[in-house]
Structure formats: structure tokens, C-alpha cells
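Novice: My request is simple: use the sequences and hints to build the entire structure.
One-letter residues, chain by chain:
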Amino acid sequence: MKIICRDVSFSYGEKQILRGLNFTLQPGSRTALMGPSGCGKTTLLRLLAGLERPDTGSIAGLPPEGVAMVFQENRLVGQLTLLDNLSLVAPRRPARELETLLLELGLGEEAGRYPAELSGGMKRRAAIARAAAFQSPLMLLDEPFTGLDEQNRERAARFLLHHARGRVLFAVTHDPAEARLLDAQILQMRDLGRNDEK
Amino acid sequence: MKTSTSSDKHPFPTRIIVIVLWLLLWQAAYLAVGEDLLLASPAATLVRVAQLAVSGSFWGIIVQSLGRILTGFLLGLVCGTAVAFATAHSRWAHAFVSLPMNIIKATPVASFVILALVWISGKNLSVFIAFLMVLPLVWSNVHQGIKSTDPKLLEMAKVFRLPHASVLRSITVPAALPYFLSAARVGLGFSWKAGIAGEVIAIPTAAIGTQLYNAKVYLETVDLFAWTAVIILLSVLLERMMLVGFDALTKRLNRMKREVRE
Chain Z
1 MKIICRDVSF SYGEKQILRG LNFTLQPGSR TALMGPSGCG KTTLLRLLAG LERPDTGSIA
61 GLPPEGVAMV FQENRLVGQL TLLDNLSLVA PRRPARELET LLLELGLGEE AGRYPAELSG
121 GMKRRAAIAR AAAFQSPLML LDEPFTGLDE QNRERAARFL LHHARGRVLF AVTHDPAEAR
181 LLDAQILQMR DLGRNDEK
Chain A
199 MKTSTSSDKH PFPTRIIVIV LWLLLWQAAY LAVGEDLLLA SPAATLVRVA QLAVSGSFWG
259 IIVQSLGRIL TGFLLGLVCG TAVAFATAHS RWAHAFVSLP MNIIKATPVA SFVILALVWI
319 SGKNLSVFIA FLMVLPLVWS NVHQGIKSTD PKLLEMAKVF RLPHASVLRS ITVPAALPYF
379 LSAARVGLGF SWKAGIAGEV IAIPTAAIGT QLYNAKVYLE TVDLFAWTAV IILLSVLLER
439 MMLVGFDALT KRLNRMKREV RE
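Residue numbers (the numbering used here), protein chains in the order written: chain Z, 1 to 198; chain A, 199 to 460.
Honestly, the hints are just simulated from the structure, not real lab data.
One thing to keep in mind: the hints can contain errors.
[Said to hold, decoys possible] Once the Cα atoms are required to be at most 25 Å apart in a straight line, the calculated BS3-like pairs of lysine-lysine come out as:
| # | chain 1 | residue 1 | chain 2 | residue 2 |
| --- | --- | --- | --- | --- |
| 1 | Z | 15 | A | 350 |
| 2 | A | 350 | A | 207 |
| 3 | A | 321 | A | 414 |
| 4 | Z | 2 | A | 356 |
| 5 | A | 350 | A | 303 |
| 6 | A | 391 | A | 414 |
Keep in mind the model is a prediction, meaning the values are calculated, not measured.
Specialist: What follows is the structure, given as C-alpha cells:
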């Protein structure tokens, strides 16, 4: 599935956040979007996730079945165990498959525990596992490795590379090393806006 | 809504000492007044409660009053919750419902009782009064609970296209549940007391409120104190039973979730 952004602009009230963005995400591509804080990276993710609509322009090719996303915050449901959090977004997948996803991220023992009982790094990995559990052709990652140590960062990257195979992976990050871990093409935010000016 | 928490509770010995001190004060007041018609003694009240408990009609009266008031209470819980969910996502619907709810909250129980006597029988009046006491309370609390749902979780649900039933079960209901429980706990006390007050005015046969009324009419002060003690005891008992029930329900739900998973 190809995702095409054409001349996308977006404002919060009077403040223009995005102006004239043009880019295409090819099926199976991996892209890391970089840029200074406040330049609109997360806003662009929200547009791709369908949480906001562009003021002008269009985004074509967004999957109607929803988007697999790792948010800036973990956004796990506190009343549900990790396994139930995964099952919530992927109710048709057998529990064994979901447990395997948690196991791959070193959370095999924590499947029956609640988010409040876990460390920040564990919750982050659970949020990544949840995105992998949801079968959508588009995976959006907002600073996916926040709070992970070196070892878990590499493990999570390998996990994402494996489970994002065949999907469009679009990540926002500050760190070029993270983009390399994801074997992603780096896009600078400023370049997206200039495309239409060329 | 603020309710008492475990930190407000005093140790058991402290509570016993406090009760004994108040009973002593009551006895002292009784001795100071020296007139059984104005103030019954703790001992006479206790003896009368025991006499009532072994009398034939006592338990029937309690069962009937309890049955009617609990019916109204449960109806209020169900309707208040349903209306809260129905009006949660529409500002207009909320505004439309909030007017009568606020009027119900502000209207004295006696006004409703007298008005309702025109429409319904005295026997069923306490059902209606208990219902009215709990309805706006549950509605406003559950509404507040729904509104307190984490918007970030709702966004997550939108991105992952979760079905409405899943959002309700896993996100909205857990957010609203503490507010519902708090309203139920407070509402039970409200509806119990208002239901009895309704019975005092409507005087149905076989009702606690009717016994209070008769005690007043026949100047049976000991009976008045005894029935009041029964009302207080039942109120405490009901609240305890409800808390135990909610606790058991929560544990059962958690256990069911675990069993389904395994």
C-alpha cells in the first residue's frame, strides 16, 4: 500500500504547523523522520494516524482498518494486563501468538502483570509489542526507543524490523543512531516542506 | 465526590471506646432530663429493640420497607447510569437532562412525597422517593467518571479502530466505575433515609416509617428511639454488605479475566 501526501498543511488555531508537505511512502519502506523539536513531526504522525485532518491537501492510501502505532507515551490500559492490552487491539489473534510477541521483547514473564507493576522500559516494550500485534499495513512510531537501555533498544529494533516486514514503517526520532537501528531512510522535516517548492 | 477512605477509619478499640463514651453521655442526658416521654434511656431502647426483634411483625415490616427502598435504589442506579452514558457525548443532551436532575436534587423530599401521593399509592411511594434520591446523584457522578476517561487512551482506541463495545468495556467503564461506586455508596444512605421519611408521610401498612409515625402519635418515645436505632443499624449493615458485594464482584471479574486468559 502506497501512502501519498499531497500539499498537506495543518494549523492549530492561528499557528501554522505544517505547510505544503509532499512525500510518498512506498509499500514495505522504512522511513525515519528527523527535525528539531516543535517542527511538527508528531503532528504529521497524528495526520497519518487519522487523528487530525489536513487543512489543505490530502493524504491518500491510509489503511481503513486502522494504524499500528507506538505513541510518544505508552498509552497502555491500566486495568488490563500486558497480554490483555495486546488482545484488546488484536482480539482475533490467538493468545499464544500474542504471548510470543511479548516473549520476543523479554516480557514473557510479565504477560499477566499490569502496566503499573512494570518499569518504564518494560511498558515501552509492551507498547511496541502491541503495535506489532495489530495487523495494519502502516506502522507509526513516535520516538519508539524512549526509556530503553542499549540492549533493549537493539532488541526492540530487531523486533520491529521483523514484524514491520512488508508494512510501511514511519518513525519519528531525534537520534540518527535509532534510524540506523531501524535500517530506515532518513528524511528531514524541512525537506518535506520544500518538495512542493522545487 | 469525597467519600471516607480507609485512612479515615479509627482502630477498632478506639471506635468501641467512642461508642461507650457516647452511650454514657446519652445516659447522663437521660438522667438530667428525667422524663421518659422526652428522652428514652439507652437501656430501655436496647430492651425495646430486643422485644421488637422477637415480635411477629418486626421482620415482615423490615423486609417490606427494605424491599421497596432497595427496589427504588437499584432502579435509580440503573437509570442514572444509563442516562449518564446516553448523554455523555452530547452537550445538548447533557444540558437537557441536567435541568430536571438539578431540580430533583434541589427539591425537598417532603415536596416530592406530597406531590407523589397524588399520583401513586402510599405503599409504592418509598420506591419512587428512593429512586429520585439516587437518580441525579448517580447520573452526575457517572457522567463525571465518563468525562474523566483518559483522552489519550481514547485516541489510542481510535487509531487501532477498537470497536465501541471494547472501548466501553476496557476504557470507559473502568474510568467511570470508581465514580459509580462512590455514588452508589452515598446514594444508598440517601435513599434509605428519604424512603423512610416518605413512609412517615405516606403511612403505608407494614413499614418502618409507619412505626415511627405511630410512635410519635402515641407518644411512645422508647419505640421512636428503638425504631430509629433499627434504621441506623440497617443503614450500616446495608453499606457494609454493599461494600463487601462490590469487593467480591471486582475480585470475581479479575478472576474471570485470568481464567479466560489461561
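Novice: Taking the hints in turn, state whether each one holds.
Specialist: Here is what the structure says about each hint:
{"no.": "1", "hint": "Z:15 with A:350", "result": "holds (22 Å)"}
{"no.": "2", "hint": "A:350 with A:207", "result": "violated (36 Å)"}
{"no.": "3", "hint": "A:321 with A:414", "result": "holds (20 Å)"}
{"no.": "4", "hint": "Z:2 with A:356", "result": "holds (22 Å)"}
{"no.": "5", "hint": "A:350 with A:303", "result": "violated (33 Å)"}
{"no.": "6", "hint": "A:391 with A:414", "result": "holds (17 Å)"}
When the structure is compared with the earlier hints, violations turn up for hints 2, 5 and for no others.
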